[in-house]
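Put together the whole structure using the sequences plus the hints.
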Amino acid sequence: MPYVTLVTLGCPKNQVDSEHLLRALKREGIDNTDSVQDAGIILVNTCGFINDAKEESINEVINLARYKGANKKLVVFGCLSQRYKDELITELPEIDAIWGVGKENEIVQYCKDTLDPGNVVNVSDSPVQVAVDGATPMYAYIKIAEGCNRPCGYCVIPSIRGGFRSFPAEAVMAEAEACVKAGKKELILIAQDLTSYGKDIGYDLPRIIKDIASISGDFWIRLLYLYPTALSDALLEVVSGQDKVCKYLDIPLQHSEDKVLRAMGRGGSRKYYAELARRLRRDIPDVTLRTTFIVGYPGETHVEFSSLKAFVAEVGFDCLGVFAYSDEEGTTAYNLVGKVSERVKKKRLQELMSIQEQISYERNTRYVGRRFRAIIDDTSEDLTIARLYCHAPEIDGSVVIRGQSVLKRDDFVDVEITAALQYDLVGCLA
Numbered sequence: 001m002p003y004v005t006l007v008t009l010g011c012p013k014n015q016v017d018s019e020h021l022l023r024a025l026k027r028e029g030i031d032n033t034d035s036v037q038d039a040g041i042i043l044v045n046t047c048g049f050i051n052d053a054k055e056e057s058i059n060e061v062i063n064l065a066r067y068k069g070a071n072k073k074l075v076v077f078g079c080l081s082q083r084y085k086d087e088l089i090t091e092l093p094e095i096d097a098i099w100g101v102g103k104e105n106e107i108v109q110y111c112k113d114t115l116d117p118g119n120v121v122n123v124s125d126s127p128v129q130v131a132v133d134g135a136t137p138m139y140a141y142i143k144i145a146e147g148c149n150r151p152c153g154y155c156v157i158p159s160i161r162g163g164f165r166s167f168p169a170e171a172v173m174a175e176a177e178a179c180v181k182a183g184k185k186e187l188i189l190i191a192q193d194l195t196s197y198g199k200d201i202g203y204d205l206p207r208i209i210k211d212i213a214s215i216s217g218d219f220w221i222r223l224l225y226l227y228p229t230a231l232s233d234a235l236l237e238v239v240s241g242q243d244k245v246c247k248y249l250d251i252p253l254q255h256s257e258d259k260v261l262r263a264m265g266r267g268g269s270r271k272y273y274a275e276l277a278r279r280l281r282r283d284i285p286d287v288t289l290r291t292t293f294i295v296g297y298p299g300e301t302h303v304e305f306s307s308l309k310a311f312v313a314e315v316g317f318d319c320l321g322v323f324a325y326s327d328e329e330g331t332t333a334y335n336l337v338g339k340v341s342e343r344v345k346k347k348r349l350q351e352l353m354s355i356q357e358q359i360s361y362e363r364n365t366r367y368v369g370r371r372f373r374a375i376i377d378d379t380s381e382d383l384t385i386a387r388l389y390c391h392a393p394e395i396d397g398s399v400v401i402r403g404q405s406v407l408k409r410d411d412f413v414d415v416e417i418t419a420a421l422q423y424d425l426v427g428c429l430a
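Following the UniProt record's numbering, the numbering of the sequence shown begins with 1 at its first residue and continues without gaps.
Calculated from the structure, these hints are not laboratory results. All C-beta atoms in this analysis are idealised placements derived from N, C-alpha and C, irrespective of residue type, glycine included. Hints are all accurate, no fakes.
The following label-pair restraints were derived from C-beta to C-beta distances:
hint: 1; residue 1: Val400; residue 2: Asp86; range: 43 to 53 Å
hint: 2; residue 1: Asn149; residue 2: Asn105; range: 19 to 29 Å
hint: 3; residue 1: Cys428; residue 2: Asn51; range: 38 to 48 Å
hint: 4; residue 1: Val337; residue 2: Lys408; range: 54 to 64 Å
hint: 5; residue 1: Leu92; residue 2: Asp218; range: 38 to 48 Å
hint: 6; residue 1: Gly29; residue 2: Asp218; range: 32 to 42 Å
hint: 7; residue 1: Lys346; residue 2: Ala182; range: 41 to 51 Å
Shown next as structure tokens:
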């Protein structure tokens, strides 16, 4: 059987795209290998969202080019090549083929044509593309939409992936059912703007969540990337009332100050966001609130940043991520005046995360002495790593359970939390 090897960079949405591609290749008799040496084609799914991601993608392509030979091809696709196709072709002649986003069929055909045709067989004509063969046995990301219609001034996603398009509910359900059948214990619904799901196809997010929750099986449903001004009462009722849905809301606010939010093209205001947090905690007991902020946006003065720090301290988010603004060509923000220096952006990021460290610890203390259901992520001879509903995989903290080598990965267990750390928890079997 011919092989490809695939390296995925960037966000979970890229991971979903990669898993779909591998599934499509496997249907054509082409398998995936972790060994670059054994692969006939090296595939790189790139990220071009911010400068750090672009640099990582370029460095990875250069690194993988070292393995090329007469019978090994290097293929680059994804967000970076969508934005900078001509530049990559000019600067990196090692690349044999390049595509942007949404070109799965073309990539599959290239792989079929490039690898030994005599070894390629059509093993299935199934049209369903299910991301159940990835390297995450206990959870699966399910992308329910593509693109975005929001006019955020810092974001290149609409220019890369186009306007918002919901995937048909039937396709989403088919993928969810296949994931549960394959043994996934957590289904993570993602889109650039999850709250817009269904508006273009006569459906809605609460309805698709309830549909997925109706699937027979023992699993969690987690929601990522909710737009703050689009949280409907119906959605909150589903989160509060459905047992399978994690009481965990990932709501990127990006800033707290009205002036900066207007410059960003974001909805909401400081007053609205503070009231939203109070409302969510009132209506969904024990809800975990995660958000992200951008520091150093053009025009952000010391006054706005100080107010942002005060807002973070006032609201006390359970989980918080901070990014330094990245100047990206083609965005509204790229042409704004009042750019903040890299030194100041780095300092502001560190200051905000320093405040959050204490908040995270204080929020974690509320779990001590209580019992929760947890999912096992990893085990060793004397240590087990698990997660509660409040922990998104590879993003948030975890629960450390000592001396439980008999536990199996992917199992659900009941744990009692015995201690709180800055971002993690310590527990024992209940």
